[in-house]
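Using the sequences and the hints given, assemble the complete structure.
In order, the protein sequences belong to chains A and B.
For what it's worth, our numbering labels the leading residue of the first sequence as 1, then goes sequentially.
For what it's worth, our numbering labels the leading residue of the second sequence as 1, then goes sequentially.
Quick caveat, the hints were computed from the structure, so don't treat them as lab data.
Being a predicted model, the structure only gives us computed values, none of them experimental.
Please note that the accuracy of each hint is not assured.
To be verified - List of simulated lysine-lysine pairs, DSSO-like, C-alpha gap at most 30 Å:
#1 B:LYS217 <-> B:LYS363
#2 A:LYS157 <-> A:LYS208
#3 A:LYS18 <-> B:LYS581
#4 B:LYS573 <-> A:LYS18
#5 B:LYS986 <-> A:LYS157
#6 B:LYS581 <-> A:LYS106
#7 B:LYS879 <-> A:LYS136
#8 B:LYS98 <-> B:LYS573
#9 A:LYS128 <-> B:LYS985
Claimed, not checked - From the derived model, a few chain B residues whose C-beta atoms are all more than 12 Å from chain A:
#10 CYS177
#11 ASN405
#12 MET794
#13 ASN1028
Beta carbons are placed, not taken as given, at the ideal position from N, Cα and C, and that holds for glycine.
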Amino acid sequence: MMCSGRVDMSFIFRAFAKGNDGVFVGTCHLGDCHYVTHGNYDALNMVMLSKKILTHIGLNPERIKIEHVSAGEGLRFAEAMNEFSQTVRNLGLLGQSEGIDQDALKLKLQTVTELIPYIRVVQNERLKVRFETVEKYEEFYASKEFEKIFNELIGDKLTQGQIISLLREKPLAPGEMAANLGITSSEVSRQINSSAMQGLIKFEENQKRVALA
Amino acid sequence: MEKEIESIGGKLVSCTDSDLGDVMIVGGGISGIQGALDLATAGFKVYLVDKAPSIGGHMAQLDKTFPTNDCSMCIESPKFVECNRHPNIEIMTYTEVKDVEGEAGDFTVTLIKKPRYIDETICTGCTTCVEYCPVVYPDKFNQDISNNKAIHIYFAQAVPLVTYIDESCRYLKDKTCTVCQGVCKNGAINFNQVPEKVEVKVGTIILAPGFEPYDPKLREEYRYGEFENVVTSFDYERLLCSTGPYEGEILRATDKKHPHKIAWIQCVGSRQVIPGGNSYCSAVCCTYAQKHVILTKDHDADAECTIFHNDIRSYGKDFERFYQRTEKLPGVRFIRGYASIMKEDPVTKNVTLRYASNDEGVKEEEFDMVVLSVGLTPPADAQSLADKFGIELNGHGFCKTNPVNPMESTRPGVFISGAFQGPLDIPESVVTACGAGSQCGEMLNFRRGDLAKAREYPVERDVSQEEPRIGVFVCHCGANIGRIVNVPSAVDYALTLPNVVHSEDNLFICSTDAAKHITSSIIEKGLNRVVVAACTPRTHEPLFRDTLREAGINQYYFEFANIREHCSWVHSKEQESATQKAKDLIRMAVARVSHLEPLQEFDLPVNKAALVVGGGVAGMTSALSIAKQGHHVYLLEKEKELGGTARKLYYTLEGLDVQSYLNELIQKVYINPYVHVKTDTKVIDASGYIGNFVTKIDSRGIVSEIKHGATVIATGAEVYKPIEYLYGKDDRVLTHLELEEQIAKEDEKLLNSESLVMIQCVGCRNEDRNYCSRICCSESIKNALKLKEINPEMDIYILFRDIRTYGYKEDYYREAADKDVRFIRYEPEDLPEVEDGENDDGKSVLKVTVTDPILGEKLEIDADAVVLAAAVVPTEDSKDVAALFKVSLSPDGFYSEAHVKLRPVDFAADGVYLCGIAHYPKLLSETISQAYGAAGRVLTLLSNDTVVASGSVAGVDESICISCGACIAACAYGAISFHETPHGKKATVNSVLCKGDGLCNAKCPTGAISLKHYTFEQVYSQIDAATNEAL
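Okay, structure coming up:
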């Protein structure tokens, strides 16, 4: 990449989908841009969001690491890489150590991948934030304000997307879905209602299960 | 060609007809190389002559370069290849100058090409002969630490990459061995070679013979050559280097063990007025010793490093931080004071030093190794060079140059660049090369382009419809990769990958010979894509892309797998996994190269005018030099008058009358019809790109636009307005510039002062400004000497932290001390204090209190005036100028050059150059060098009608563009806009403005816009290949 600003969310999730257990994004120091674009802030913003998405689908956000290292800091880069390798080694295999079976993992990552074009729009429209320091980004991504936007615009879509992907295979009962996705059954009911209202799914009441509309 | 044989001094020589060129550069180190490349690009035919068997000079011997610790050879060697490939550069190595006749504009230089006993046109550099040669002989390139053979290649990246036979050869001695002739399959060895005389006619000459490291054998007390574990800093460079005598292991000569406890002794052969010493400061040793310490700690984190030093002279850009970084490392001691070498332990061969420690008195301590930080001295043949070229030397034996034009020798038409001027570091050697180049251009402008040839490439073959046929070339990089990664197994593996039809290994794939081999392999094996698994694209990608062009293949069908920096260097202790990783990297590169597309670079027209922002000495000098080469120059100055900071200077250390120099310069600027001066003028907007800038200016209320091809930023700097030491509250407290003005105006009260105190480092070398202002020590000494000249009775005290009179300025420091100027060192934790008070006679004085470092007691000085050496600080508007011209600032607020070492007057933004104190504080002569340097760089651009732009730009697939505008918002260059189509407005990219960062690509929800060469498909293929071993 000529600039970390070209690092796309889809690269990260493609890497996870291909079985990588961790993804490292290296950028220039904030405020130190070789272009005039300061694309590393975009990379940071994208990585912070990707971590939230990872958390949302039940994977450990520590599996993505962003570090700001200059070309003159070979030692620091080596340290950062060694540290991250150790982190990933400690975390273990993707999905397995989070208690998600391979099929569910595949489904989750596929859902995210399909949603990325939409997530880009949300990020462009609602989450285009720019702060001076990493700490400020962390503060924002931990804030209520962010949580609200995320849950409404991305989180729900991710859960619904997973539900729909699950239902593509066969109709399921809400309890089965909750177990499959690793979320509470009340959360499942909430998403089912919302999806049903949008006409995406329907209740097969006689069999107490849900199917695609 | 039939060669005539004649006899010179009883020796047979063969003579060739005379050759014709524009410029001859004598000395092929980094300075000579830079000069050659600049001039050749600016339309001149250049002869680059070096007496060594290869170009490269001393920089080729260095391990890393301070303060970035870039690998020295890695940044220099691509320039070797560039010189070698340049159609306007004729490299002549192993060649010496015999004599020079004629005058500026028409010199005839007679050269003697020494016999290599090798036919350069036949030798392939295979080194089979080296293996068989029985004569083992100390290797000069490795400072005689390890051995080489009588026949050998000077160093692995040498240009030309051919062997030579030195005087240790048995055949040359007594004709007892010809084994090399027997094993050379090509019959390249020719013992009948005789020296060859060549005459070259040129218009101007640049002398860039460099320097000689100080020979510590000149003074017995250094025990060099006697105690084996006493080495010089140049020996140590080779020890550190992976191509060095022990392949990058620091070992002691005596027991081949790692030294654990190492001492550096500074100022060896420098700052000494003793027989065998040199009075000047060598200017580079403080910082290179710090580099050694950092690198030593990289090799062995537990190493104990001790530096015995005098003043620490961290006067260059980022040097102060580099010093702090070194000082903070664990196990590193800086001890101020002299250490003498006492004895060698007969058994362990450890060396004992005696020194005065701060707390324990005189002390003896044993070290495993002692490094002598030797200084720079004039080249050994300086006098004979001077005689041949008819130039004068200075008192130190370096070249005598014009103090206000350090590139000018005493003979018209002969220019000087690099360390032949005196001790200089690499960036200054590069700057003076560019500057000497510009002055050659001024003299030879009328014949520019007459002898120059354009580079010609074969017609590009369209292979886009063919199946990929990939060639994979895996490099050993000497031992750098080969020692860790199993290269042959990587080659075998590459052959199993899809579409790979050819793979092979090479000792140095970057060598000229190997590059030619890739070209011929492409043609012979019908390759249409190439992967090189070697080092970094940062330095070597242009070279390999060029290699593809040579073979008629689009240069974007090339992919680099970095198996050195990303693999062998970082996994040196895990050979097996490193080999596996190298294979993974190759697999990813192969996957990606299969998906690459041919891209077209395009020619942009170049507007032939230049804009210079800032009308100080830097801007004016630069503007004049450009104008003298036939280009219109717009010179902008925000003040009402030209002159800048120099308006406040009256004399220099060397005695120049600055005001009359300045007035003369201003006159020259106004007289020159090509320079268009606009004072009272501000830049309000800047747009465009290399070759085609448009700058909007406000000149006394009138707004207009200037179109120009190149931009020089020379906006100067300001002097810090102190808040310390009663400045502004008591009019007896002045800055050094104010003092200079009062001296020049012969202010009686000041000149009659009984006592005057100068305080150094006011406003810098602190937390707010973590840099050294470089010029203040020389400024204060200059003023002190002037005051002593006018009023020898005056008591002058200079309170300092380190006196940083680098280079020749050291002599003035000594002169000041000899004239009883008292120098008192203070520590930053214990600053001097200034108070209003009375002396014993009841006279109102400034009471200055400072701790005497030797006695440890407070000293009180009654001063009539206190002068503050106030820091040089960036101008207030430098941030605005940086934003307008899209150039970057360093953390200290000065402009950042493109590369600290090798592109010191270029900005990273193409077509924009910098000079003067806007870059960093510097003395007038240094500013002038840089100003000429920037002009030289501008000419490399303006001498050409077109400039090439990268093909890796964004493109839009309109059928899926949803007109959301996310890409337009993301583009800081304004390269994307909407245009109307039958299907509504769609995004479109102006390729000329696009810089290829790809931000738009990551923002586009539909993937309609994509960055060529980094498309989703191309990146995905690489990501997929990373894990898919069975691909």
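### Query
Going through the earlier hints one by one, which of them does the structure break, listed in rising order?
Of the numbered hints, 8 and 13 do not hold.
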